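S.K.: Heads up: the protein sequence lines correspond to chains H and X, in order.
Letter 344 of the first sequence, counting from 1, is numbered 344 in the working numbering, and no numbers are missing.
Letter 219 of the second sequence, counting from 1, is numbered 219 in the working numbering, and no numbers are missing.
Note that these hints are calculated values from the structure, not bench results.
Note that the structure is a prediction, hence the values are computed from the model and not measured.
It is possible that some hints are incorrect.
Facing chain H, from chain X, some residues (calculated, C-beta under 7 Å) [to be verified]:
1. Leu52
2. Gly56
3. Glu58
4. Trp95
Just so you know, even glycine gets a beta-carbon here, dropped at the ideal spot from N, CA and C.
Spelled out, the chains give:
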Amino acid sequence: MSVRTTRLVVEREVREAARRKGIWALVAFTFLGSMALVLLPELLPDGGDDGASVMIVGDDELGVTAALEAMTDPELEVSVGDDRGELETAIADDQVDVGVVLGDPPIVVAEDVDASIVGVVSDVIADRVVAARLTEVGIDPAEVRAAFADALPTVEPIDAERGAKRAAGFLVSMVLYLLTVILTSQVASGVAVEKSNRVSEVLLAIVPPRSLLFGKVIGVGCIGLVTLIAAATPVVVKYVAGGDLPSGLGPTLLASSIWFVGGLALFLTLAGSLGALVSRQEEAGSVVVPLTMILVVGYLTALSAGDSVVGAIMAYFPLTSPMVVPYRVAVGAGSTFEYVVSAILLFGAVVLAARVGAVVFRRAIVRTGRRLKLREVL
Amino acid sequence: MTLSVRGITQSFEHRTVLDGVDLEVQPGTITGLLGPNGAGKTTLMRIVFGVLDPLGGEVRWNGRPVTDADRRRWGYMPQERGLYREMRVHDHLVWIARLYGIDRREAGDRADDLLGRLGLADRARDAICDLSGGMSQRVQLAVAMVHTPELLVLDEPFAGLDPTAVEFLSDVIRDHVARGGHLVFSSHQLDLVEHLCESIVLIDRGRVVLRGTLRELRAASTDRFLRVDADVADDWVAGAGVTRLDRSARGTRLLLPPGADAATVLDDVRRHTSVSDFGVEAPTLSELFLAATGRDVAETDAETAT
Ligand SMILES: Nc1ncnc2c1ncn2[C@@H]1O[C@H](COP(=O)(O)OP(=O)(O)OP(=O)(O)O)[C@@H](O)[C@H]1O
Ligand SMILES: [Mg+2]
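The following block holds chain X by itself, in its conformation from the complex (with noise of 0.2 Å):
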């Protein structure tokens, strides 16, 4: 079974917002739709539910056009949670199992198991709108995943959530795709989620820029960058024609010029300074983006913002 999106074109008032997108979801494999924000991740999704209409293109699942019926067997959580907020967090998920189609009994059963398993057993009589936005994000998944749905879509699953959180909804992640299911999940925020997938979808201003295994992306391109844990001014390896990239609390990052030896660069850093700590890596996701694109990621994200 594969999730198969082909040339979806979509407009908001004469302004292409995706313009002849494919997507492919394998089953056991987590993907990830990536972009700046604007990018028409959030669009594509909503038009793989349904809940859009494309101007063009099709959604496939197994190898014909979607139905509604397979549609119910996924489950979606939308960029804006949506929930009855003044509903208590337990009734809820049952309601929305009923809705699938799940007897009460067994909605109850699941109901209990999800909110155990997603640490929230203790607030499931609570009303939606007395707990904390990460907490209702989980409320969010949760509902998303009640009916154990063949195919997970998550847009921005990450946004908002602390580090432990993270690491936990990684974890939900990496188990549903080990137990075989389908899963895609939109973010913007290249650098977090870079660990997680295997495939990825980069897209920018409605137009796939890249598209791979972040394995074989990392190896077809030539970049190396060398990364040091001490502060690198720039005239101390300008010569070799080296480009220092950022500067941080970690150390500083620098790109190396094709041919370059990593290890002439590293004795230029210590004649300045001392070094404890190195590497030698491909480049990160972000870095990708920018040498897809010309333009970074975090300032495609204040572009749009503004």
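Isolated chain H (complex conformation) (with noise of 0.2 Å):
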């Protein structure tokens, strides 16, 4: 295969490509959508971290106040109240999270009982009333707090990040899908625009029907890359610059990285070569309808199943795994031996794709007059 050729068709196609407005309507779109994504979080009043506040009313001969304000996750905001309507107003208006009324029992009031704040302010008065009751039978509260330290239950979360982690892979798996999508219609309908309107066939006088084949793949496949490069840019600069990104994001981009490239590799080599089965530019999109369906199988299986047994099989597959693997790494689903030999069975897909693809391309590429069947070329 001539480097040179193949070289200054990859060289047309970009610089075509870069004319075009649509193309830059894309890179825009996925770079604007992955600068909200690092920026929206930035932006958005934070829930949790400002605190909570609490009024309370009544008489605090329990020391309820000095133990609220001493705390120190979640810090609390403590106001003192004159009585229970003005406590019930404050709530109403959302001047004050909670509300306690000291007396016999004490009474915590809030607007959402579940609220995590109403347990900590319940839990702290509970602990208060305790050791009043304790003292007064003549027992240290200090002594039992330090008898049960060690037996109390404590909370421990099993993947606190599990959310965030599915949720940077559900988000590079859209991206990878919607454009391996759309590269590949593009390589099928590039290349049966080529064969319409016969320009394949003062190229083929010309260069070797390789060279056209790989040209338009790398060519369109470096349109690709650019969109990628503006969608991960935002999330680089973020994290150099030190700001938190949703957990997982970094290893499924770099895995994502390797898996796209491998898998659009082997998507449009396929594309091009079954756009040379058509002769008329219409019939482009029939043709890549098999492609599409494995991308959206890949694709919905990884949102759906991704790091179930279906996706751990999935991902060794070649045409799924490209879909499949971003999301197990994103979720931490597979192992590094899954990764290895799926990365190589990609990419020896990929070397195989173009040895028959090259095939198949130069034989239909200058069968002109119907749309071919696969099984006439091979």
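Bring the two chains, given one by one in their own frames, into a single complex with the hints.
M.R.: Below you can see the structure in the form of structure tokens.
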């Protein structure tokens, strides 16, 4: 294969693409989407961190106010009200989150009784009440606390960031899926246009068919990479600048790049050779339907069952792994062994597709007139 | 150097479209590959360029089988024009030249030069889809010539051109062979290209029916025609065994029977009407085709069209 002619075909593909507005719209769209993903958490007011506020009314014999003020996690803003009426108005007006009416028994007043802050406040009051009763009967509350300290349950979240990881996997899969689908049909229709308006006939007299096929695949692939870079730049910049990212996005992006490049090479090569089967541009869409279907299956599997057994199996198949593996990396479902084998199989498939695709392309591109069946050219 | 095509056979879906066709193209000679629609001209040219592989026969260049490297020194203008429609004229030419291995600067110079010669200098920055049909055809010609090929193969270069453009293209063709280049072009419009061809290969239904230089072929034919600038009715000349061929605005063309005296026939006509211009002529290309196949080119075209 002539490297020089392939390079020229790539160059033309990229230069002509750069002159089309659609490409820039796609790049801008993914860039802005990624910016939004990175910036929104910074811009939105933070829900939990600025602390909750508590209003206390009644005689504070138990030292509840001091105990609440001493809290650090979460930090509480404590105020003292005159009576229960004022307290309820303050809650209704959203000036405070929780009210405490001290008495016998104390009452915690809140709009949302399930909120964790209600539990925190109740626990503090209960602790003060128990301490007061224990002191009354002559027991030192500190001793009791010490006796129970290692017997009380502690709360341990299994994977606090599971949600964030899934979101990262979801987003990355979606971008890769959309991009692969768009570029796949772009290659097929590009080849079909060249065949139908006979540019290919002029070019075939000058360059080998392989240069035409791989030039187009690499050229369109470059456009895909530019789009991916546009999507990744805000994330990387934020990461370098030390901002917090949705957890798992970093490794996911790395894995995505590998499987994206491999998947793109595979799908675009197949699309290019299939595109040579049709004789009119309008038929190009239908010839890549099988490819698009496989992509949809891979994508939906990644989303719905990416971390299940089905996902684990599909991670090995070169046609589905580009969609499934980045998701599995994001949620941490696969093993290193799986990733290595999957990558080897994927790039092996690329080499195979390039060989078979070049034969199909060479035989099909000169047979104009009607749509060919794949087995006619194999 | 000679392009020599030997015994080319090709069929599509069991239908033979070329049946042992030979073609020789000598340098410095304009060769016409002529024949009605569907004769197999385009198929033969595709085979010459390796776009199609023939079932049988071979293409030789310089006395040995042609290679891809040889073909890169040829230029091809396919019948169905093939250009990237959204590309700009100048960019397209430069890109094609670079595919041939010409460096960017040189390619730019050649594109400028060719566009100037083809009268397209002011359209160099336009997208090809914004050009008229005749203009994009000239760009197609420029694409075929941008690397100063040794052999130019033009498939139906005259189709769709106005008379000035036909003249212009004829000059380009003459110029190419005058410099010692090889050139073969195809056409189904025999009368249009007859003045241009020096050597012809006439094919019909995939077989060569006539070949040689036009002068020899004409001389070899015993048919003689009397042209008069008047409308002639059949019965004026019927007695002498004369066949009236066509009657047009230019006058009438009469086929003389072997051994007939043209002057007598002319006198027969002048008894009925006045004649101010006349001539005794050898057969035209389409008359040669008719004599060789028993069929009219125009009729054959109409047959294939339906
Ligand atoms: N790809 C193809 N598949 C099937 N039949 C074909 C194909 N290409 C050409 N043919 C057939 O081969 C025959 C010769 O076609 P070709 O295009 O070579 O004729 P031509 O002499 O160039 O005619 P025209 O003057 O109309 O251009 C025709 O009957 C045509 O239908
Ligand atoms: Mg033709």
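S.K.: Can you verify the interface hint for X:Trp95: is its Cβ closer than 7 Å to any Cβ in chain H?
M.R.: holds (6 Å)
S.K.: Would you check whether X:Glu58 satisfies its interface hint, that is, whether its CB is within less than 7 Å of any CB in chain H?
M.R.: violated (18 Å)
S.K.: With chain H as the partner, please determine if X:Gly56 meets the hint condition of a C-beta pair closer than 7 Å.
M.R.: Violated, because the Cβ-Cβ distance from X:Gly56 to chain H comes to roughly 18 Å (cut-off 7 Å).
S.K.: Under 7 Å, Cβ to Cβ, is where X:Leu52 needs to be relative to chain H, so tell me if that hint holds or is violated.
M.R.: Nearest chain H Cβ about 6 Å off; hint holds.
Hints 2, 3, counting from the list given before, are not met by this structure.
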